[in-house]
Amino acid sequence: MNTKTLGYSTMIVSAALMGCVGLFARNINTSGDVIAFTRMTVGAICVFALMLHQGKTMLIKSTKLTPSVIASGACLGLCLAAYVSSTQHTTLANAVFLIYTGPVFSTILAAIFLKEKISKLTAGLLTAVFIGCLFIIGIINYDSTSGLTVSLSFSKENFIGDMLGLASGVGYGLYLFFSRYRTDVSSDSRSFYNFLFGAVAIALCFTVNPPSLAKMDTSSWVWLISMGFFIGFGALSLLTIAAKHLKAAELACVSYFETVVGAGIGISMFGESLTALQTLGGILVIAGGMGEIVLSMAKKHSNAKQAKATTQQ
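Numbering (the numbering used here), first residue to last: 1 to 313.
Any given hint might turn out to be false.
What the hints assert, rightly or not - Listed next, the in silico DSS-like pairs over lysine-lysine satisfying Cα-Cα at most 27 Å (straight line):
(1) Lys247 <-> Lys308
(2) Lys64 <-> Lys300
(3) Lys115 <-> Lys300
(4) Lys156 <-> Lys215
(5) Lys247 <-> Lys115
(6) Lys4 <-> Lys56
(7) Lys305 <-> Lys120
(8) Lys117 <-> Lys247
(9) Lys299 <-> Lys117
(10) Lys120 <-> Lys64
(11) Lys156 <-> Lys244
(12) Lys247 <-> Lys300
(13) Lys300 <-> Lys244
(14) Lys244 <-> Lys64
(15) Lys4 <-> Lys156
(16) Lys4 <-> Lys305
(17) Lys4 <-> Lys215
Simulated from the structure, these hints should not be mistaken for laboratory data.
Full structure from sequences and hints, please.
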């Protein structure tokens, strides 16, 4: 197996596991923050054990902790807590599409605080993601009687879940933004500290709103521990392998497979449905998120081809 094939294979499996969050969450009788905390804690323990086995624990000790390292981990933990809770209160499609609005918030923050310029293409793609988000949560709606309408009234059944989904998108955007401040940290150390500070942030929330485990039965515990191992440690380990063989843009493209898996599980296993506008919204979110990456990759490939042709002449 060549390195690209290995990279894509591991990334696809990693994204598929991430897309199963809702399946696990709906079989666990406790709140989303408890589920996210377990996932973060199991992930931190497993990553540390793996680094210990590989003799890389010195990387953890040598990493200088700064506010951005702590904040990126905390935002990731809180983002996942909001996302898991979202899957319990709205459709899996809504939850997984809304968390992927994160790159929009990250790009806006980078433009404001890092003075990064937003091209016309980027602005257009961000607009597509924003409109897609409005379709998904029902601000822009359509019915045969009223036609296309714009309203701030939300579905009572999905309102809490959709708002948690948006919150997870904001948290994901903040995580991406803070991660850009310390590119010198190794991927292993970054993973460990993300899990660690994610768990700490959720634990601090427990002091304000203590969790309840009263409804947890044997089945719930099995699902909870399995989720921590497979979707916490397993998905991350595969992502780490993929990152060694794929470029960042290639990783980002494949990661959107998670939205397809999440929506597919909701439709096939839980009998959920998407309206035509929600489907269009999901397509806009995926297209907007992947559009610039795909075009950038195509442009680089074209430039490389031209450079090669020039040298051969």
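Comparing the hints with the structure gives:
1. Proposed proximity of lysine 247 and lysine 308 is supported: the alpha carbons are some 20 Å apart, at most 27 Å.
2. Straight-line distance between C-alpha atoms of lysine 64 and lysine 300 comes to about 35 Å, which puts the hinted pair past the 27 Å bound.
3. Pair hint lysine 115 plus lysine 300 holds up; C-alpha atoms about 24 Å apart against a cutoff of 27 Å.
4. Restraint check: the Cα-Cα separation between lysine 156 and lysine 215 comes to about 25 Å, which is no more than 27 Å; the hinted pair holds.
5. The hinted pair formed by lysine 247 and lysine 115 meets the criterion: a straight-line CA distance of about 24 Å does not exceed 27 Å.
6. The straight-line distance between the Cα atoms of lysine 4 and lysine 56 is roughly 25 Å, inside the 27 Å bound, and the hint therefore holds.
7. For the suggested pair lysine 305 and lysine 120, the alpha carbons sit about 26 Å apart, so the restraint of at most 27 Å is met.
8. This hinted pair checks out: lysine 117 and lysine 247 have alpha carbons roughly 22 Å apart, not beyond 27 Å.
9. Between the alpha carbons of lysine 299 and lysine 117 the distance comes to roughly 19 Å, so the proposed pair stays at or under 27 Å and holds.
10. For the given pair, lysine 120 sits about 38 Å from lysine 64 by alpha-carbon distance, which is inconsistent with the 27 Å threshold.
11. The straight-line distance between the Cα atoms of lysine 156 and lysine 244 is roughly 45 Å, outside the 27 Å bound, and the hint therefore fails.
12. About 12 Å separates the Cα atoms of lysine 247 and lysine 300, which keeps this hinted pair within 27 Å; it holds.
13. Annotation: proposed proximity of lysine 300 to lysine 244 holds, straight-line Cα distance about 20 Å (limit 27 Å).
14. About 23 Å separates the Cα atoms of lysine 244 and lysine 64, which keeps this hinted pair within 27 Å; it holds.
15. Annotation: proposed proximity of lysine 4 to lysine 156 is violated, straight-line Cα distance about 46 Å (limit 27 Å).
16. Pair hint lysine 4 plus lysine 305 holds up; C-alpha atoms about 19 Å apart against a cutoff of 27 Å.
17. Simply put, lysine 4 and lysine 215 have alpha-carbon atoms about 45 Å apart, too far for the 27 Å limit, and the pair is violated.
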